[in-house]
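Here the protein sequences line up with chains W and X, keeping their order.
For the first sequence, the working numbering begins at 40 and goes up steadily by one.
For the second sequence, the working numbering begins at 40 and goes up steadily by one.
In short, the hints are calculated from the structure, not lab data.
Fair warning: there could be bad hints in the mix.
All copies of an identical chain are treated as equivalent in the list; a pair is satisfied when it fits inside any one copy or across any two copies.
Computed list of lysine-lysine pairs in BS3-like fashion (alpha-carbon distance at most 30 Å, straight line) [what the hints assert, rightly or not]: (1) Lys212 with Lys137; (2) Lys212 with Lys106; (3) Lys42 with Lys212; (4) Lys212 with Lys90; (5) Lys127 with Lys137; (6) Lys127 with Lys90.
Computed from a prediction, not measured in an experiment: that's the story for all the values here.
Number of protein chains: 2
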Amino acid sequence: MSKIPVLEIFGPTIQGEGMVIGKKTMFVRTAGCDYSCSWCDSAFTWDGSAKDEIVQMTAEDIWNRLKEIGGDLFNHVTISGGNPALLKNLNELINLLKQNEIEVALETQGSRWQDWFTQIDDLTISPKPPSSNMSTDFAILDRIIHNLTDHNRLEQTSLKVVIFDEADYQYAKGIGERYPQIPLYLQVGNRDVHGEDIDNLTSTLLNQYEQLIDRVVQDDELNNVRVLPQLHTLVWGNKRGV
Amino acid sequence: MSKIPVLEIFGPTIQGEGMVIGKKTMFVRTAGCDYSCSWCDSAFTWDGSAKDEIVQMTAEDIWNRLKEIGGDLFNHVTISGGNPALLKNLNELINLLKQNEIEVALETQGSRWQDWFTQIDDLTISPKPPSSNMSTDFAILDRIIHNLTDHNRLEQTSLKVVIFDEADYQYAKGIGERYPQIPLYLQVGNRDVHGEDIDNLTSTLLNQYEQLIDRVVQDDELNNVRVLPQLHTLVWGNKRGV
Ligand code: SF4
Ligand code: SF4
């Protein structure tokens, strides 16, 4: 079996955001990203700061570790990054999880296609808005959505856009217009990914969440969306591994 | 057209809980309930305190009112109560909404079946745990789930149990065991439905949410659940009409 670069395996906990918000799950966080978003809350996956924590693991190593810490307490695993879609051989892990009747969720920004996308039960494509300083390659994103449509995977797919400012909001509307067939989730951006004052962070995030709701409910071009906060940040702040 | 007793029509806002949490929606709240849960957060729908606010409306009246306040800002309507399942003639409203390409969500405790259940896009059945002081008629609940299964409506159905204490938690586990084929949502109970100090309420609810998560993640009999807070209470406290 080939190796997968892993930075964190933790859980069980709950998924704090997106299409399966609240779901009991384990997390596997892969190392490496082709983006470098200005506000990345997982920058340690790609900025070198956690280089020494990266472990090269086979799919079986990862499964063993999941069972070691999660025991019988889970039937859902979320793979996040970094960008797990950089890893062609992730299919080995996905297959192994499915063989063990584990549901698999995965989040990626939509900069790369992998054939194993069609095996994911809850696939979140989260294109990055202007405030990230990244720019979306819409030719690739179109192809990804097209492939998922061809493989009849729309029920397992959602789009998620994090909103920090007006330009991000407009970007999200563009995404909604471009892919009206895919459920769209808007998520409040966390400007303070290193802050340690949880009470303060919670009230700031809830205020921003309220503002985003106010905006969306008055916008007749965004009738078909879901607007969500990050529950794990409300509960645990910026702590890692929960 | 026959009349429907309505207590509130408001929105657009977001759905704060359950299977379509975060969804942009309008709310129609019907009057009347066959239960009287100890911690009911909508007691004004049945305790007589808002008797003078009840308006008898036809389906068309309701639709006109929705358009009047919601304009073009919605394509989803949530019907709640009270117990809207007391109203056989609600099918007139549901049909009218569907004719206008509006998706319909509805919440009921599962004490009555109505044939129009099979027309609902997002049906939440929320049986009430012991702390409510109500007791579940499982013969009826079984029949409801059976009918929904027969009509191939499981993808549009979820179960939701509000948890206040240990007995409620055990009750929720029983619900999960009894209906393993239906997605189960556990929701943190709000003990303080009249409190006006939002900051305090938010931090209490987030603490209780964290405790419920801690409990669920250590319980191998509840692997397949989603654990959620009430987002509207986190954002707006106990205010009505948001
Ligand atoms: S795509 Fe995700 S992991 Fe990569 S830099 Fe952006 S936020 Fe961070
Ligand atoms: S079933 Fe719902 S509306 Fe009726 S008393 Fe209980 S909580 Fe209140």
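State whether the alpha carbon distance between Lys212 and Lys106 is at most 30 Å within one copy, between copies, both, or neither. between (41 Å within a copy, 23 Å between copies)
Which holds for Lys212 with Lys137 at a C-alpha limit of 30 Å: within a copy, between copies, both or neither? between (35 Å within a copy, 25 Å between copies)
Homo-oligomer pair classification [Lys90, Lys212; C-alpha up to 30 Å]: This pair counts as neither: shortest intra-copy Cα distance 37 Å, inter-copy 42 Å.
Within, between, both or neither: Lys42, Lys212 at alpha-carbon 30 Å: neither (39 Å within a copy, 39 Å between copies)
Give the relationship of Lys127 and Lys90 under a CA distance limit of 30 Å: within one copy only, between copies only, both, or neither. Within one copy only: 21 Å inside, 63 Å across.
At 30 Å max between alpha carbons, let me know whether Lys127 reaches Lys137 within a copy, between copies, both or neither. within (17 Å within a copy, 44 Å between copies)
Taken one by one, the earlier hints fail for this structure at numbers 3, 4, listed in ascending order.
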